[in-house]
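Quick mapping for you: the protein sequence lines, in order, are chains A and B.
Residue numbers for the first sequence follow my numbering, so the first one is 1 and each next one is one higher.
Residue numbers for the second sequence follow my numbering, so the first one is 1001 and each next one is one higher.
Hints are computed from structural coordinates only; laboratory data are not their basis.
C-beta: ideal position from N, C-alpha, C; glycine also.
One should not assume that every hint holds.
Said to hold, decoys possible - Using 30 Å as the maximum straight-line C-alpha spacing, the simulated DSS-like pairs for lysine-lysine come out as follows: (1) A:18 <-> A:215; (2) A:132 <-> B:1021; (3) A:74 <-> B:1170; (4) A:33 <-> B:1140; (5) B:1162 <-> B:1173; (6) A:270 <-> A:18; (7) A:204 <-> B:1140; (8) A:215 <-> B:1021; (9) A:132 <-> A:74; (10) B:1021 <-> A:65.
Unchecked claim - Which stretches of chain A does chain B cover? Using the computed rule of at least three CB atoms under 8 Å from a CB of chain B, they are: (11) 31–42; (12) 231–243; (13) 247–256.
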Amino acid sequence: MSMDFMFRALQPVEFLSKFLAQGIRPDGRGVHKSRETTINVGSISTAEGSAIVRTGETVAVCGVKAELTNPSAKHPNEGFVLCNVEMPPLCSPHVQPGPPSPSTQALTQTLQDVLVNSATINLEDLCIESHKLCWVLYVDVVCLCDDGGVMDACVLAMSSALHNTSLPHVDVSSGSPVVSLEERCALCVRSFPVSITFGFFQNKALLDPCGEEEKVCRGKLSVAMQEGGKVLALHKTGGSVVAAASLMALLSLAQERAQVLVELVRTATKKT
Amino acid sequence: MCHRATLEVTVRPEGGMSGPKERLMEQFISSVCEAAIATELHPHSAISVTLQVENDAGGLLSCLTHACCLAMLDACIPMSSVFSALSCGFSREGELIVDPQLSQENFTCKDDPMDVVTFVVNSGAHDVLASYVSGALDVKQLQQALSATQEAAVTMESFYRKALQRKLSKDPKFTSLGKPE
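If we strip away everything but chain B, and leave its shape as in the complex, we get:
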C-alpha cells in the first residue's frame, strides 16, 4: 500500500451537503486518476484533488474530468497520459446527441428524456478509464458513444496542449495576472 501515492478525491456540490451522489462522482474521478497518474513515483504521499461544482448545465462528469486533468497538468503531477471525457445522449429515436444540456438529460426532462453515457478515455490508445450510464442503453449505443468519445479526445488533447502553452509561454498577455502598482 505504501509503494504508491494515495489518491483522495473530494467533490463538493453547488449547494447543500454532499451525499452518496458525490461519493459516486468521487469514485468515478478516482478511477480516472488512479489509471492516469504515475502513483509509483510518489510513495508515502497523498495526492488530494478537490472539485467544487460551480454550475451544472449538463455534462457535469465530463466537466469535472477535464477540470481534474487541467489541474493535474498545472500542478505538474507525473501522468502516464492525459484523459478526456464526453457525454453522449441518445434520443428516443436512437439519435446520438453529443454533450446534451441538463434540460435534455434523463430524469430532468419528463417529456423526451435522453439516456446519457459519459466515457473517459486516455490519450494515445484511447482506452476507457471510466464510464457512467444514466438511463438504459444497449451495447451498440455504448459502442457509438465510445467511438464519439475517442474522436472528441483528439480535440480535447489539442486544447490541453494550447492551455499548457499559454501557461508556459513568456508572452506578456498571458503572464501578467494584474497591473503592477
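One chain only, chain A, in its complex shape:
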C-alpha cells in the first residue's frame, strides 16, 4: 500500500486541505469546476420517456410510465405526476437494503417540489376527459452509483426524461376510451429544471463535490434552477453556516452553471 493511499484513507480532511491550499482538488479540477455531465435519452423502450445522466461516476436513470385513472373529485380537470427516488444498495456501500432512508425520502420530496415549483407540467394537460379520465405519470429515478451530486443527477434525469416523454393517443369519442400505442404525442413540458450542488469545506465552497469530498464537507448547498435563472429549491443541509454575501455569490455561480446544464438538456432531448 502506497503512502498517499494510506494518507487519503486515514486522514481525508488533511488530504483534501493539502490540495485546496494549492487551489486544486484531488481529481485535478479547480474549486469552481464541475465534472463532465452526459445525458442519454430514450434508451428504455418500455417507458414513455427515459434518460440516463452521468456526472463523473454518479449515474441516475429516470423512467416515466403513464397509466390511466380517474381524476380526483377535488380537481376533476387535472392528472397526476408522482416522483419517486430509489437508491438501491448497489449505488453506495453506505446504503442499507430495506425501505428508503430519510435522506432518500427527502430527495423524493425535493424532486416533487422542483417539478411543482417549476410548473414543468400543467396537470390540466394530463386530463383526457374531465371528471372521467386522466393520465398519472410515474417519474421513477434510480440512482445507480452515488459518487456525490446525487440530487443534481436526479433532477437532470427527471428533466430529460420528461422532455423525452410521449403519451399514447386516447380516443374518447365512442363510449369507452380507445388507446392507440403507435399514435403518440409528445408531452408538453414547459421548463428545464436543473440542479447545482456546492460542498462547504473549511472556508471554501466546492462546486459539484464528488463522493470523497462530500464525506468531509461540513455541509452542502443544492440549488435547483430553471432557464431564466429563477430558483426553484435552495437546500442547505449539514452543519455549515453561509454568510449572506457568500450565498449571493454562490447563486450567481449556480446561474452560470444552470445555463450550461439547460443547454445540455435541450440538446440531448431535441426532437429531430
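Model the placement of chain B on the given structure of chain A, informed by the hints.
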C-alpha cells in the same frame, strides 16, 4: 463520528402518517440544529428533537424552527447561537409580504399564488442556516427576503430573551404552574 453528538429530528404531521414531506422538514430542522448546537461538547450522545404539528395556518417551517430553538433553550442544550426564521411571500406584482397565511401561500391559492421562501438565520452575524423555497424566485427576491429575515431576527432574539427571563425569574406569577391543594 463519535466525537460529536448525533442529532435526531422527528416531525409529526397534524394528521395521518408522516411521509417524504416530513422527512424534508426534518432535514431542514437538522441543518439548522447541527449548525447551532455545539455538538462537540456531548460526544457519544444523541440529542432527539420531536416536533408535533398542532395546526398549520401558514409559515409552518418558521414556526417549527422557533419551537425548536425555544425547546433547546429550555433544555439548556449548549448552542453557539440562537436562530430565527421568517417566511416571505412575493405576490404576482413582486411585492414582499412577510409571514403569509396558508390561504396566500403557493399551491393552496389557485387565483393569486405567492412564491414563498423561508430563511433561518443565526444570531450575531445573521448568516444563513437553512432555507426552503416554495415556488420560483429570482435572486433579487431571495436577497430581499434574506434582508427581511435578518431584520426580523433582532425581534425574535428579544422575544427569546423575554421568554428565558420569564422561565428563570422568581416572580410568582411566572413560577406557579397550578394552585397548591
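Evaluated hints:
no., hint, in the structure
1, A:18 <-> A:215, "16 Å, holds"
2, A:132 <-> B:1021, "29 Å, holds"
3, A:74 <-> B:1170, "54 Å, violated"
4, A:33 <-> B:1140, "25 Å, holds"
5, B:1162 <-> B:1173, "15 Å, holds"
6, A:270 <-> A:18, "43 Å, violated"
7, A:204 <-> B:1140, "24 Å, holds"
8, A:215 <-> B:1021, "25 Å, holds"
9, A:132 <-> A:74, "13 Å, holds"
10, B:1021 <-> A:65, "23 Å, holds"
11, 31–42, "violated (count 0)"
12, 231–243, "holds (count 13)"
13, 247–256, "holds (count 5)"
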